Amino acid sequence: MSTEQKLQAILPRITGLMSWLGSLSIIVDIVVRKYRKRGSNSKPTAQHRLMLGMSFCDMCATTSWMMTTWPIPADTPNTYAAYGTYGTCQAQAFFMQLSLGVPFYNLCLAIYYYLVIVKNSQPSRVVEGCMHFVCLGAAFSTAIASLAMGLFGYALFWCWIKGEYNMFRWLFFYGPLWANIVGVTAIMSVIYYTIRKQENRQLKWTARWTIRSQRNTTNNNVEGAHNQVSATANSNGVGGGIPAIEIMETTVHLELRIGE
Numbered sequence: 004m005s006t007e008q009k010l011q012a013i014l015p016r017i018t019g020l021m022s023w024l025g026s027l028s029i030i031v032d033i034v035v036r037k038y039r040k041r042g043s044n045s046k047p048t049a050q051h052r053l054m055l056g057m058s059f060c061d062m063c064a065t066t067s068w069m070m071t072t073w074p075i076p077a078d079t080p081n082t083y084a085a086y087g088t089y090g091t092c093q094a095q096a097f098f099m100q101l102s103l104g105v106p107f108y109n110l111c112l113a114i115y116y117y118l119v120i121v122k123n124s125q126p127s128r129v130v131e132g133c134m135h136f137v138c139l140g141a142a143f144s145t146a147i148a149s150l151a152m153g154l155f156g157y158a159l160f161w162c163w164i165k166g167e168y169n170m171f172r173w174l175f176f177y178g179p180l181w182a183n184i185v186g187v188t189a190i191m192s193v194i195y196y197t198i199r200k201q202e203n204r205q206l207k208w209t210a211r212w213t214i215r216s217q218r219n220t221t222n223n224n225v226e227g228a229h230n231q232v233s234a235t236a237n238s239n240g241v242g243g244g245i246p247a248i249e250i251m252e253t254t255v256h257l258e259l260r261i262g263e
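Position in the sequence shown (from 1) plus 3 gives the number in my numbering.
I should point out that these hints are in silico values taken from the structure, not numbers from a laboratory. Values in this document were obtained by computation on a predicted structure and should not be read as measured data. Heads up, a few of these hints could be off.
[To be verified] With a straight-line cut-off of 25 angstroms between C-alpha atoms, the simulated DSS-like cross-links for lysine-lysine are:
#1 Lys122 - Lys207
#2 Lys46 - Lys122
#3 Lys9 - Lys165
#4 Lys9 - Lys122
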């Protein structure tokens with residue numbers, strides 16, 4: 004058995020454990036902290052429940068993924084650390100297929116962000132229920148169908164849909180996966196364009212307000228200087244105070260034209 008094969012069987016257990024712990028922390032945060040705390044601020048939202056469903060599917064998949072070659076039947080040739088049976092192989096493949104729910108939940112989260120950011124609304128309970136039905140339905144229906152059709156078996160480093168059923172791999176996993184990727188990309192592009200448009204509009208109004216504020220400040224400063232010169236001329240008893248005021252008014256007009 005080569006070192007490369009051993010590493011390919013061992014390393015997914017480390018990365019899978021990290022993913023499993025991450026999903027577990029999300030579930031604990033939502034279920035334990037959110038549901039046990041009282042008050043409107045701690046009440047779970049549709050986003051929390053969608054994250055809960057996605058984390059559940061991810062935990063099911065990563066639990067099987069961490070086992071890598073362990074559930075593979077022991078009599079499988081050229082397989083490192085294969086200690087399983089036909090039943091363990093089928094179970095691993097079934098839970099691996101549940102990972103299909105993760106990209107579906109990602110798409111639903113993108114739809115949720117679109118509704119909140121672009122449409123300024125929250126999905127209703129009916130819409131949210133349909134999201135969970137589609138995500139979990141796609142995962143469990145393809146897993147059950149694959150199990151019933153005998154598609155599961157040895158797939159190199161773990162048990163999943165066997166290589167000779169490549170069409171069903173695309174029909175039950177790769178096809179929906181890429182469709183969800185395209186959907187998420189399109190929705191997030193719309194959200195980015197909307198936010199960018201709002202930012203440009205805000206910058207435009209901020210620039211206009213700044214120019215008007217500067218003009219008002221200039222006018223106030225010039226008017227104050229005008230009053231000060233007039234008061235000084237009158238207090239000194241200068242008979243030519245009127246010409247001084249006229250000079251100051253000319254200056255005011257010049258300053259205003261410069262400010263414009």
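Quick rundown of the hints versus the structure:
Note on Lys122 and Lys207: the hinted pairing holds, with a Cα-Cα distance of about 22 angstroms set against a maximum of 25 angstroms. Restraint check for Lys46 and Lys122: satisfied, since their Cα atoms lie roughly 22 angstroms apart, inside the 25 angstroms limit. At roughly 21 angstroms between alpha-carbon atoms, Lys9 and Lys165 fall within 25 angstroms of each other, so this suggested pair holds. Note on Lys9 and Lys122: the hinted pairing is violated, with a Cα-Cα distance of about 51 angstroms set against a maximum of 25 angstroms.
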